[in-house]
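Undergrad: Top line first, the protein sequences correspond to chains A and B.
Every letter in the first sequence is one number past the one before it in the numbering used here, and letter 32, counting from 1, is 32.
Every letter in the second sequence is one number past the one before it in the numbering used here, and letter 333, counting from 1, is 333.
Keep in mind the hints are simulated off the structure, nothing from the lab.
As the structure is a prediction and not an experimental result, all values here were calculated from the model.
Note that CB positions come from ideal geometry on N, CA and C, so glycine has one too.
Heads up, some of the hints might be wrong.
[Unchecked claim] To spell it out: a stretch of chain A is covered by chain B in this simulated footprint if at least three of its residues, at any positions, have a beta carbon under 8 Å from a beta carbon of chain B; those stretches are: (1) 112-126; (2) 261-270.
[Claimed, not checked] Here are some, though not all, of the chain B residues that point toward chain A, as calculated from beta-carbon distances under 10 Å: (3) 130; (4) 133; (5) 205; (6) 209; (7) 211; (8) 226; (9) 284; (10) 328.
[Stated by the list, open to error] EDC-like cross-link-like pairs, simulated, lysine to aspartate or glutamate; straight-line CA separation at most 20 Å: (11) 202(A) / 146(B); (12) 208(B) / 34(A); (13) 202(A) / 266(B); (14) 10(A) / 34(A); (15) 208(B) / 146(B); (16) 297(A) / 276(A).
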Amino acid sequence: MVRTIEPLLKVENLRIELPTRGGILVAVDDVSFDIAPGEVLGIVGESGAGKSLTAAAIIGLLEPPLHIAAGRIVLGGRRIDTLRYEEMRRIRGKEIGAIFQDPLTSLNPLYTVGHQLVETIRTHLDMSPAAARAHALSLLKEVGIAAADERIDHYPHQFSGGMRQRVVIALALAANPRLIIADEPTTALDVSIQAQIISLLKRLGRDYGTAIMLVTHDMGVIAETAHRVAVMYAGRVVEIGLVSAIVHRPSHPYTVGLMASIPRSAGGRGRLRQIDGTMPRLNAIPPGCPFNPRCPKVFDRCRRERPDLMRAGDTKAACWLHAPVEPAHA
Amino acid sequence: MPERPVILEVNDLERHFDVSPPALERMLRGKKRVAVKALDGVSFTIRRGETFSLVGESGCGKTTVARCVVGLYRPTAGNIVFDGIDLGRLRQRRAMAPVRRRMQMIFQDPYASLNPRWRVRKIVAEPLVTHGLVADRAELRARIGELLEQVRLSAADGDKFPHEFSGGQRQRISIARALAAHPEFLVCDEPTSALDVSVQAQILNLMKDLQRRLGLTYLFISHNLAVIYQISDRVGVMYLGRLVEVATADRLFAEPRHPYTRLLLETIPRLDPHGDREPVAGEVPNPIDPPRGCAFHPRCPYANDRCRAERPSLLVVSGALVACHAVEEGRLPVG
Chain A
1 MVRTIEPLLK
11 VENLRIELPT
21 RGGILVAVDD
31 VSFDIAPGEV
41 LGIVGESGAG
51 KSLTAAAIIG
61 LLEPPLHIAA
71 GRIVLGGRRI
81 DTLRYEEMRR
91 IRGKEIGAIF
101 QDPLTSLNPL
111 YTVGHQLVET
121 IRTHLDMSPA
131 AARAHALSLL
141 KEVGIAAADE
151 RIDHYPHQFS
161 GGMRQRVVIA
171 LALAANPRLI
181 IADEPTTALD
191 VSIQAQIISL
201 LKRLGRDYGT
211 AIMLVTHDMG
221 VIAETAHRVA
231 VMYAGRVVEI
241 GLVSAIVHRP
251 SHPYTVGLMA
261 SIPRSAGGRG
271 RLRQIDGTMP
281 RLNAIPPGCP
291 FNPRCPKVFD
301 RCRRERPDLM
311 RAGDTKAACW
321 LHAPVEPAHA
Chain B
1 MPERPVILEV
11 NDLERHFDVS
21 PPALERMLRG
31 KKRVAVKALD
41 GVSFTIRRGE
51 TFSLVGESGC
61 GKTTVARCVV
71 GLYRPTAGNI
81 VFDGIDLGRL
91 RQRRAMAPVR
101 RRMQMIFQDP
111 YASLNPRWRV
121 RKIVAEPLVT
131 HGLVADRAEL
141 RARIGELLEQ
151 VRLSAADGDK
161 FPHEFSGGQR
171 QRISIARALA
181 AHPEFLVCDE
191 PTSALDVSVQ
201 AQILNLMKDL
211 QRRLGLTYLF
221 ISHNLAVIYQ
231 ISDRVGVMYL
241 GRLVEVATAD
251 RLFAEPRHPY
261 TRLLLETIPR
271 LDPHGDREPV
281 AGEVPNPIDP
291 PRGCAFHPRC
301 PYANDRCRAE
311 RPSLLVVSGA
321 LVACHAVEEG
331 RLPVG
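Could you build all of it, start to finish, from the sequences and the hints given here?
TA: Put into structure tokens, the structure is as follows:
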């Protein structure tokens, strides 16, 4: 995969905080990554790892009192995390499209899908109603809805789950955004439909150069779709690299455990490798490396000092096992 | 290996749900009563000590089978025989109770299946008290501690409330409750679907350990083929309320016969993808108005006139049971 030099999206040292009566909880802590045009970046992690919050921060939909406490989000050279609500609203839909897990909640049950598409198109693009409807029709065809000229006048409840998710994707594409944030887009779907949606997403990146941030807990979906993967744990990116390296040669002990615990549908059927314990709650993140209480390779430094991402084999991992032998000089 | 005795026998099970329009519309507009055949003639047997799994996409009827087996739904037709007892004949609660004790269920959502106002101790104690299995408070306490330790929680966890536990720990509590009454047979409906993958591995390992130690028999329901492969001895594949293939897990994954089984296996997202797969088009049809003949024929690349007209029944094909005309006639390319 040839990577363009200038990334489309840059997330730098993002920190998301949640003030509570008991004190400030850090939900996302010092997260950095970028996505190039046409690239699919997978964000993988278990529930509560902070992956959906990171996505919500990028589209400017963090629910207060959650807020960005530090860091920057830059889209196409423009800083977007400091924009006012109205300005962000124009970017959302126009430059960033969003696809969420549950297609039913993303669609208004009271309007036909054609109405919703036309409204979205005309909000962002300067088009006559007739031209917008023609564009809506071509979008529905594009995402593989059969008999689109008839279906365009149907209501969301008349569509099946897989078809609804296609409509949501058509909505996300309506204004030709440069970036699509897809948060668990296939989780609510059956496997045969899941495969159809995955290949649709891949085609978008390939044909239109759309950058895609794909958030999911399903490593199989990531392996099929993404070019690079960021693995999140307890609000931090613990490993990032090319998908083949993360899947086959992971460096962080958490990624190693995660990969080994995925049940396979071929080969041996003995005990699954498991990671004992659970991810810490936000109010109980241990000092040092957040994974240290569950890590089979923990040593003294892990309990004291927090590791940053460092080169580790073919990836970058936040793990002291991969610290250079000699202390690094600044 | 000697054949183990049969513990559960399901014969031609049917379960219909009434989805008719309201009575007034039927009277005024002459609309008809409508029934969905959630189960349309399902038969299988489970032998003692084995794990039999049902797999299929949403709406295929797998959960309805589970609910019929434990008695949450009454079958519309067909019968369920548990260890020689025809469950359909047990009309009274009192007659059901001894069978209920021997057959327990674990549900998908560990957040919804535990009473949030009860301490874990009381949750786990409920079956012991209901079935009168303990003599006094001291014995009850000891037994609760034992059950919690059996699922790798500590006896002290009994004093906590469900919200103090993570999803995986809550599923352990459900398992402890299910084991309380010394059942022989557990119906597990998507027990790990709501869990993260590292926790899923913990629960699957625990279930395997318990099966070996306590000689349990499992009816396991899941849509996740990899989980099915890992835990099952035998697998039944369901499509629109019918079984289309039944085989040992090894055979099913190595040599799937039915075109639908092949489709399912091909669409699992893989960790090492081999190039771009062309996904299969189409989706599960509406169960209210299922296709005639073989329910899978509109999506099947091998369908012919016979498939569109005549419903195939399960036939033995080299050690597996397959309901497919193309397989029966040898029209299907092997491998």
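Undergrad: Indicate, hint by hint, whether the structure satisfies it.
TA: Results for each hint:
1. 112-126: Result for this restraint: violated, n = 0.
2. 261-270: Satisfied; 7 residues make the cut.
3. 130: 31 Å, violated
4. 133: Cβ of residue 133(B) sits 31 Å from chain A, so the hint is violated.
5. 205: Because about 5 Å separates residue 205(B) from the closest Cβ in chain A, which is inside the 10 Å limit, the hint holds.
6. 209: 9 Å, holds
7. 211: Violated, about 12 Å.
8. 226: Result: holds, 4 Å to nearest chain A Cβ.
9. 284: The hint holds - residue 284(B) has a Cβ within 10 Å of chain A, the shortest such distance being about 7 Å.
10. 328: 24 Å, violated
11. 202(A) / 146(B): The hint is violated at about 51 Å.
12. 208(B) / 34(A): Violated. Residue 208(B) to residue 34(A) sits at ~42 Å, over the 20 Å cutoff.
13. 202(A) / 266(B): 18 Å, holds
14. 10(A) / 34(A): Measuring from Cα to Cα gives roughly 4 Å; hence the hint holds.
15. 208(B) / 146(B): 18 Å, holds
16. 297(A) / 276(A): The hint holds at about 13 Å.
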